[in-house]
Amino acid sequence: MKLEVRNVTKVYESNSKERTVQALNGVSFSVEEGSILGIVGESGCGKSTLSRIVAGLEEPTSGEVLISGLPRKGIAKFIRKSSKRPIQLVFQDPYSSLNPRQTVYHAIEEVVKIYDHELDAADTQTRIFELLSSVGIGKDLSHRYPHQFSGGQRQRICIARSLAAKPEILVLDEPVSALDVSVSADIINLLLDLQREFNLTYIFVSHDLGIVKHVSDSIIVMLAGEIVEFGSWTQVMDSPKHEYTKRLIAAIPSLENLKIKETGA
Amino acid sequence: MTSLLSVKNLTLSTTLDKKLLVDNVNFEILEGESVGIVGESGSGKTLTALSILGLLPKGVSQDSGEIIFQGKEISQADKAALQDVRGNRISMIYQDPMTSLNPMMKIGRQIQEAARAHNANDDEANVLKALQDVGIPSPESCFSSYPHEFSGGMRQRVMIAMSLLLRPNLLIADEPTTALDVTIQRQILNLVDEQRRNNAMSLLWISHDLSVVAELVDKVIVMYAGRIAEIGSVEEIFENPKHPYTAGLIGSLVKRKHQQKLISIPGNPPKPWTVANQCGFADRCAHVTQECRTSKPELVGEGNRSFACFNPMKGALL
Chain A
6 MKLEVRNVTK VYESNSKERT VQALNGVSFS VEEGSILGIV GESGCGKSTL
56 SRIVAGLEEP TSGEVLISGL PRKGIAKFIR KSSKRPIQLV FQDPYSSLNP
106 RQTVYHAIEE VVKIYDHELD AADTQTRIFE LLSSVGIGKD LSHRYPHQFS
156 GGQRQRICIA RSLAAKPEIL VLDEPVSALD VSVSADIINL LLDLQREFNL
206 TYIFVSHDLG IVKHVSDSII VMLAGEIVEF GSWTQVMDSP KHEYTKRLIA
256 AIPSLENLKI KETGA
Chain B
-9 MTSLLSVKNL TLSTTLDKKL LVDNVNFEIL EGESVGIVGE SGSGKTLTAL
41 SILGLLPKGV SQDSGEIIFQ GKEISQADKA ALQDVRGNRI SMIYQDPMTS
91 LNPMMKIGRQ IQEAARAHNA NDDEANVLKA LQDVGIPSPE SCFSSYPHEF
141 SGGMRQRVMI AMSLLLRPNL LIADEPTTAL DVTIQRQILN LVDEQRRNNA
191 MSLLWISHDL SVVAELVDKV IVMYAGRIAE IGSVEEIFEN PKHPYTAGLI
241 GSLVKRKHQQ KLISIPGNPP KPWTVANQCG FADRCAHVTQ ECRTSKPELV
291 GEGNRSFACF NPMKGALL
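If you read the sequences in order, they're chains A and B. With the numbering used here, you'll find the first sequence wraps up at 270, consecutive numbering, no jumps. With the numbering used here, you'll find the second sequence wraps up at 308, consecutive numbering, no jumps.
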């Protein structure tokens, strides 16, 4: 499923309309089916607003989002009747994205019952276990509550929950920034596996160019609500055009920048 | 070089149910040395730093251990003696600069107030110079601004200016760049490094990110599940890690081919009190033996190069 964003602008106004914030200004890009698009930028650059607009949680002030060539508004009705959602969103904080009073089994069941309502009880259970095992959570853990899981496991559950809607496009808004270093590599590996297995399209939003360049086929660099650089990952990393991209690349802490290399030890 | 601070046998636990949080931590910071503590959330790195300043949160108590600063034991010191050490000789900057500054008070006055409290020079000229030293573009207008008028990076600069004004011997930095954007993080790292060299100050930098620490410090302390897993110079840690956890952390930094699997450590870090009598890393370790689950590996080696592992890694990783 191809996603196209055309000239999207988003303006937030204060109640009195005296103050306005231009969060996005004329943003256009497209993502091919089955590819990973990374979006980087610093806080306040509009990357989260953009991901919320793509996922349909916010309406753009002007411009449009096309899914398979159809405007997102036009297909809203069609989507509602279908047994799947084309786009799902995974958030940064796995602690606040799950209902603390619901077992993991029920959290997933809720979604499965919407999109696979024709399944009988036994098949529903099979589907739930299948979703959990695709993210590496065993059946035996399904009766647990969110607080009994670690951050990494919770993020896995959030991913399973979004997969329950059988999406083709997954918008990942800083999916590993709340996780410990040793756990985040695990989640990245899982996301790459799932992407290949289900031929998903990812929009991977992060402030960390180090991670984005590893996972993405193409990269968008945003600054103050505008796209300042857009290209394949090799183009952006090897021959950045914009000054800001160059600064971002220089800021990635890497083994090459380490003291040990400087001192030649 | 002489020793500035040494932490000896520091053990911390919860006051009520005596859950072990930090287990027998020993390390030393020399004068002018920069040291980094690396660990994941819950590894005890922040508690260790807070206990140096006698700032342990309610509900956490020090079971044993000594903190010796410039030859004096300070963990049992009274308030007045601690007040002399805090700020004057050991300063600390925190993760979130917004909550460290008073939102109702202009920046200049806050810095002057801190200076006065420590009987330092609170002249406007002196404060302006401090602000200028940390690279704030127009110190005069900063002096009469409120914290909310500044970005996170600028606020962190203000905090650094405030803590350096008193010319401390040791600056403790607890993840001061985690809340900041990467390009700003780079600027703050460079700033702290420059200030440390200019002022011949010691630095204790706490972070979850090994790559950030490695660019800034001479010596690295890796903490895991409330204990020190490994201590060594940056070069030794990176070129010849002994503890499998350290090796795993470094592995996850190593460049992989585009979209290839990253090296990761399976599982999750345990709570320190659940692994009090065994190696905390046993469940995630590829080199685990029976011994690791029945007894606790002690830190072995000399002061500057030691590790706590029964089956240390052999040979270079990189």
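FYI, nobody ran anything at the bench for these hints, they're computed from the structure. Quick caveat: nothing in here was measured; it's all calculated off a predicted structure. Here a beta-carbon is modelled for each residue, glycine too, at the ideal position from N, C-alpha and C. Please note: incorrect hints may appear among the correct ones.
Said to hold, decoys possible - Computed footprint of chain A on chain B, listed as stretches where at least three residues anywhere in the stretch have a Cβ under 8 Å from a Cβ of chain A:
id: 1; region: 69 to 77
id: 2; region: 172 to 181
id: 3; region: 248 to 255
What the hints assert, rightly or not - Derived DMTMM-like pairs (lysine to aspartate or glutamate); straight-line CA-CA distance at most 20 Å:
id: 4; chain 1: B; residue 1: Lys48; chain 2: B; residue 2: Glu18
id: 5; chain 1: B; residue 1: Lys251; chain 2: A; residue 2: Asp145
id: 6; chain 1: A; residue 1: Lys22; chain 2: A; residue 2: Glu38
id: 7; chain 1: A; residue 1: Lys218; chain 2: B; residue 2: Asp199
id: 8; chain 1: A; residue 1: Lys89; chain 2: A; residue 2: Glu47
id: 9; chain 1: B; residue 1: Lys247; chain 2: A; residue 2: Glu173
id: 10; chain 1: A; residue 1: Lys218; chain 2: B; residue 2: Asp171
id: 11; chain 1: A; residue 1: Lys7; chain 2: A; residue 2: Glu18
id: 12; chain 1: A; residue 1: Lys7; chain 2: A; residue 2: Asp128
id: 13; chain 1: A; residue 1: Lys171; chain 2: A; residue 2: Glu38
id: 14; chain 1: B; residue 1: Lys251; chain 2: A; residue 2: Glu179
id: 15; chain 1: B; residue 1: Lys251; chain 2: A; residue 2: Glu115
id: 16; chain 1: B; residue 1: Lys247; chain 2: A; residue 2: Asp222
id: 17; chain 1: B; residue 1: Lys247; chain 2: A; residue 2: Asp243
id: 18; chain 1: B; residue 1: Lys8; chain 2: B; residue 2: Glu18
Verification of the hints:
1. Counting residues of the region 69 to 77 of chain B whose CB falls under 8 Å from any CB of chain A gives 0; the rule of at least 3 is not met.
2. Remark: the region 172 to 181 of chain B is confirmed as covered by chain A, as 5 of its residues place a Cβ nearer than 8 Å to a Cβ of that chain, reaching the required three.
3. Interface restraint, the region 248 to 255 of chain B with chain A: holds (7 residues with C-beta to C-beta distance below 8 Å; minimum three).
4. Taken as a hint, the lysine 48(B) and glutamate 18(B) pair is broken in the structure, with Cα atoms around 26 Å apart against an allowance of 20 Å.
5. Pair hint lysine 251(B) plus aspartate 145(A) does not hold up; C-alpha atoms about 27 Å apart against a cutoff of 20 Å.
6. Simply put, lysine 22(A) and glutamate 38(A) have alpha-carbon atoms about 40 Å apart, too far for the 20 Å limit, and the pair is violated.
7. Taken as a hint, the lysine 218(A) and aspartate 199(B) pair is honoured in the structure, with Cα atoms around 18 Å apart against an allowance of 20 Å.
8. Distance restraint check for lysine 89(A) and glutamate 47(A): the Cα-Cα separation of roughly 33 Å exceeds the 20 Å cut-off, and the hinted pair is therefore not satisfied.
9. Under the criterion of a C-alpha separation no larger than 20 Å, the hint pairing lysine 247(B) with glutamate 173(A) is inconsistent with the structure, at around 26 Å.
10. With a CA separation close to 17 Å, the supplied pair lysine 218(A) and aspartate 171(B) stays within the 20 Å bound.
11. Taken as a hint, the lysine 7(A) and glutamate 18(A) pair is broken in the structure, with Cα atoms around 31 Å apart against an allowance of 20 Å.
12. For the hint pairing lysine 7(A) with aspartate 128(A), the CA-to-CA distance comes to about 31 Å; that exceeds 20 Å, so the pair is violated.
13. About 15 Å separates the Cα atoms of lysine 171(A) and glutamate 38(A), which keeps this hinted pair within 20 Å; it holds.
14. For the hint pairing lysine 251(B) with glutamate 179(A), the CA-to-CA distance comes to about 19 Å; that is within 20 Å, so the pair holds.
15. Between lysine 251(B) and glutamate 115(A), the direct Cα distance comes to roughly 32 Å. Violation of the 20 Å bound is thereby established for this hinted pair.
16. Annotation: proposed proximity of lysine 247(B) to aspartate 222(A) holds, straight-line Cα distance about 13 Å (limit 20 Å).
17. Only pairs whose Cα atoms come within 20 Å are accepted, and lysine 247(B) paired with aspartate 243(A) is accepted, the gap being roughly 15 Å.
18. Distance check on the hinted pair: lysine 8(B) and glutamate 18(B) sit about 27 Å apart at the alpha-carbon level, beyond 20 Å; violated.
Hints 1, 4, 5, 6, 8, 9, 11, 12, 15 and 18, counting from the list given before, are not met by this structure.
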